[in-house]
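Based on the hints, put chain B in the right spot on chain A.
Number of protein chains: 2
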Amino acid sequence: MNEPIPLQVEDGELALLTDLYQLTMTQAYWKEAMQERATFSLFFRKMPPARRFMLACGQQHAAALLSRLRFGDTALERLAGTGLFDQGFLDWLGDWRFEGDIWTLAEGTPVFANEPLLEVDAPIAQAQLLESLVMNLVQLETVLASKAVRLVMAAQGRPVVDFGMRRMHGVDAAVRGVRAYRSAGLAGTSNVLGGLRHDLAINGTMAHSYILAHDDEREAFRAFARHYPGTTLLVDTHDTLEGVRKVIEIMREEPEVGVKAIRLDSGDLGELAKGARALLDEAGLEEITIVASSGLDEHQIATLLEDGAPIDAFGVGTQMGVSADAPVIDLSYKLVEYAGTPRVKHSPGKVNLPCRKQLYRRRDDRGRYVGDIIALRDEAVDAGEPLLRPLVRAGRLDDDEMARADEARERVADALERFPEDVRWLAEGESDYPVTLSPELERLQSKT
Amino acid sequence: MNEPIPLQVEDGELALLTDLYQLTMTQAYWKEAMQERATFSLFFRKMPPARRFMLACGQQHAAALLSRLRFGDTALERLAGTGLFDQGFLDWLGDWRFEGDIWTLAEGTPVFANEPLLEVDAPIAQAQLLESLVMNLVQLETVLASKAVRLVMAAQGRPVVDFGMRRMHGVDAAVRGVRAYRSAGLAGTSNVLGGLRHDLAINGTMAHSYILAHDDEREAFRAFARHYPGTTLLVDTHDTLEGVRKVIEIMREEPEVGVKAIRLDSGDLGELAKGARALLDEAGLEEITIVASSGLDEHQIATLLEDGAPIDAFGVGTQMGVSADAPVIDLSYKLVEYAGTPRVKHSPGKVNLPCRKQLYRRRDDRGRYVGDIIALRDEAVDAGEPLLRPLVRAGRLDDDEMARADEARERVADALERFPEDVRWLAEGESDYPVTLSPELERLQSKT
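If you read the protein sequences in the order shown, they are chains A and B.
Taken in order, the first sequence gives residues 1 to 448; the numbers are from the UniProt record's numbering.
Taken in order, the second sequence gives residues 1 to 448; the numbers are from the UniProt record's numbering.
Chain A extracted, bound-state conformation (with noise of 0.2 angstroms):
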């Protein structure tokens, strides 16, 4: 074990990433020679009771990397040495390619129960090969960008800024992690690297070590502040409103470091921002923020609004980075027709659409949603623009469609704004806004 272990996947191994059984089905459908078109659908079947809505992230990147699935020769000398695949099936997997249709919600949608946010319509080997790696994908984004919305809906318009890299799941969490923050409206992000990729503000304060590697706070606060005019200070090492007080004489004796904010990181924090904008204003040094941070979560950063903390921005970590109330949402990927049938299992309790599928979200004439419908693909429904769209036809990835990934941020914030108000609520507890069958779903579900 000299050389570390690697963190990366690369192209070629990507397609192992998946459970076994998906590359022994499919050779069992290869050597049954069972090739007819398959739909698969991706759907939750409940809501975490933590959650009114999720927004549906990561499943349009999520189309656009399977559509370019390969199986490299790596991958297959190591399938190869498992003993449990014919070298024809091997040879057949090296040619593999996704040649079927994509179907994607926008990234962003909020979505509800049983609403599809993906469907794949391929050849059975092809779609039932994609289940596991489209649901990891999926789900991180969706499950992050879900927490996070709340967040930024409980902060009122101040800016919520990501400072969670470390308390996320591994690398590509925290990597990608940041374009569901973006999607989900946060400000910025501490984390370098998923704020250069995914295109969101890079922000950072200081560390209580660079404080304590000082001899003095005050010397540590002139020594930065003269670093990067226009910083924010990390005040509570010590004392918060000692801290306070000595960011003010620094201003006094250089006013050109322009201290931009102070952060407050532990205590009660509402009261330290009352304090602590007591002693700013009263030195004239209103123009200075307060930023929080330690362990918030979405119900304590209404509690401190509500109390009327004089809080200009939040930092948040621990809560939002791992979503720790709702770390998972149940996904499913199922066969809901083969061979031109609709196929379902039959769960007692559990609701199962069958057939492709599509989903409407009807308005009033105000703009507002008044209620979701989930009909069969093909059936005429008058309500509005179907959300499910092809983003990947013949196994070719539709650009235009995908250019769409980029607008999540601004559809995100739209969308919220049509919705009744019950449905943007913090409370745990479902919201009354209605998802029905179509009249064919209907009709068809209770016939299967």
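For the record, the hints were derived by calculation from the structure and aren't laboratory data.
Please note that the accuracy of each hint is not assured.
Taking lysine-lysine and the DSS-like style, the derived pairs with C-alpha atoms no more than 25 angstroms apart in a straight line are [unchecked claim]:
{"no.": "1", "chain 1": "A", "residue 1": "260", "chain 2": "A", "residue 2": "31"}
{"no.": "2", "chain 1": "A", "residue 1": "31", "chain 2": "B", "residue 2": "260"}
{"no.": "3", "chain 1": "A", "residue 1": "345", "chain 2": "B", "residue 2": "260"}
{"no.": "4", "chain 1": "B", "residue 1": "260", "chain 2": "B", "residue 2": "274"}
{"no.": "5", "chain 1": "A", "residue 1": "31", "chain 2": "A", "residue 2": "46"}
{"no.": "6", "chain 1": "B", "residue 1": "274", "chain 2": "A", "residue 2": "345"}
{"no.": "7", "chain 1": "B", "residue 1": "31", "chain 2": "B", "residue 2": "447"}
{"no.": "8", "chain 1": "A", "residue 1": "350", "chain 2": "A", "residue 2": "447"}
{"no.": "9", "chain 1": "A", "residue 1": "447", "chain 2": "A", "residue 2": "345"}
{"no.": "10", "chain 1": "A", "residue 1": "350", "chain 2": "B", "residue 2": "274"}
{"no.": "11", "chain 1": "B", "residue 1": "31", "chain 2": "A", "residue 2": "260"}
{"no.": "12", "chain 1": "B", "residue 1": "345", "chain 2": "B", "residue 2": "447"}
{"no.": "13", "chain 1": "B", "residue 1": "350", "chain 2": "B", "residue 2": "46"}
{"no.": "14", "chain 1": "A", "residue 1": "447", "chain 2": "A", "residue 2": "46"}
{"no.": "15", "chain 1": "B", "residue 1": "46", "chain 2": "B", "residue 2": "345"}
{"no.": "16", "chain 1": "A", "residue 1": "46", "chain 2": "A", "residue 2": "260"}
{"no.": "17", "chain 1": "B", "residue 1": "31", "chain 2": "B", "residue 2": "345"}
{"no.": "18", "chain 1": "A", "residue 1": "350", "chain 2": "A", "residue 2": "46"}
{"no.": "19", "chain 1": "A", "residue 1": "274", "chain 2": "B", "residue 2": "345"}
{"no.": "20", "chain 1": "B", "residue 1": "350", "chain 2": "A", "residue 2": "274"}
{"no.": "21", "chain 1": "B", "residue 1": "350", "chain 2": "B", "residue 2": "447"}
Just so it is clear, the structure is predicted and the values come from calculations on it, not from any experiment.
Chain B in isolation, oriented as in the chain A frame:
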């Protein structure tokens, strides 16, 4: 956006996977010519309520990766683009090498609150830069292994297999998670790449979609069993006990397919297992085992076995894949010493242990663990073998020490036996296992 965003983080970019303030503070240290040696200690202050111990995992791998961290040309260009850094500093970063020491616990060491998992001794501008990445890397494996070992304990010797790749937070979590699962004692994984890369047996059964794609469940069973003699058949797609009867018929007609196991994935697993066992035994198929899955956690496994459910192996995913009841551990990487003097942040109600440290686990004469002592690194403590050992010395990885990471699985199994029983209990609550401070550390802590 014609190219899908890559999932990979290349070696030269990995150094950018950090919080911005690590880089701005490091530039400040560079500008201030602060080059004294610092010690940072990685620990957590509080055990999650749902855990009685954590398995320290990932720290040896992380230390090995960090000892080779480099700022590649692309990384430096991207940093230059932020406008925050002087060219002189960027040149210095280009030559940056970690030249310090990293002490770590061996992979798989059980740990309790306030115990150091890893300590870095290096010039402050080197030690500071590692913070965010080491926390991200160690947290993932520690959180996942600490959950997985609970499922292993609950199963009381029966194999537990990871089915959770689709539920984990992204690609890195899915791949490195298997490493943590191996350490924790799982018997196998369905995750092909994870299993191949981290040397854990790859297992798989079949999905409901395979059954549904066939017109008849019996024909699906027969075809799959012929393709894969000795396989596991999923019997709950339509009616579980009917499914079992079909398996029995196939075994009567074609005993050479040698079905090895059936899998139950829904319904009342305890009752269905009893019913299935009775049918199989009646048919003389005592050798066919029963695998159960379906959102299982350690408490459900324990209850099933207490109730006498004849289940021989468990497939687990959703709850384990994100460690749903404790998805995050509040790791701290704190400056504890700089320029030879202790450094501590004053946090009311929080323990902050100054100085470089060592951890001892005392044994009685029968080898059972009787208590831990957190001591100063250089203090003479008569309590057996020190657990923190130098993995990286003056920037060089010790290959012999690194090889100990491969023994994590055996280390975990051995250690668990040695703890008092209440450390292994699954119920929420703290064990009585004592963790104390050495006399010198106690003295220093009360002083600082």
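List, from low to high, the hint numbers that the structure doesn't satisfy.
Checked against the structure, the hints that fail are numbers 1, 5, 7 and 16, while the rest are satisfied.
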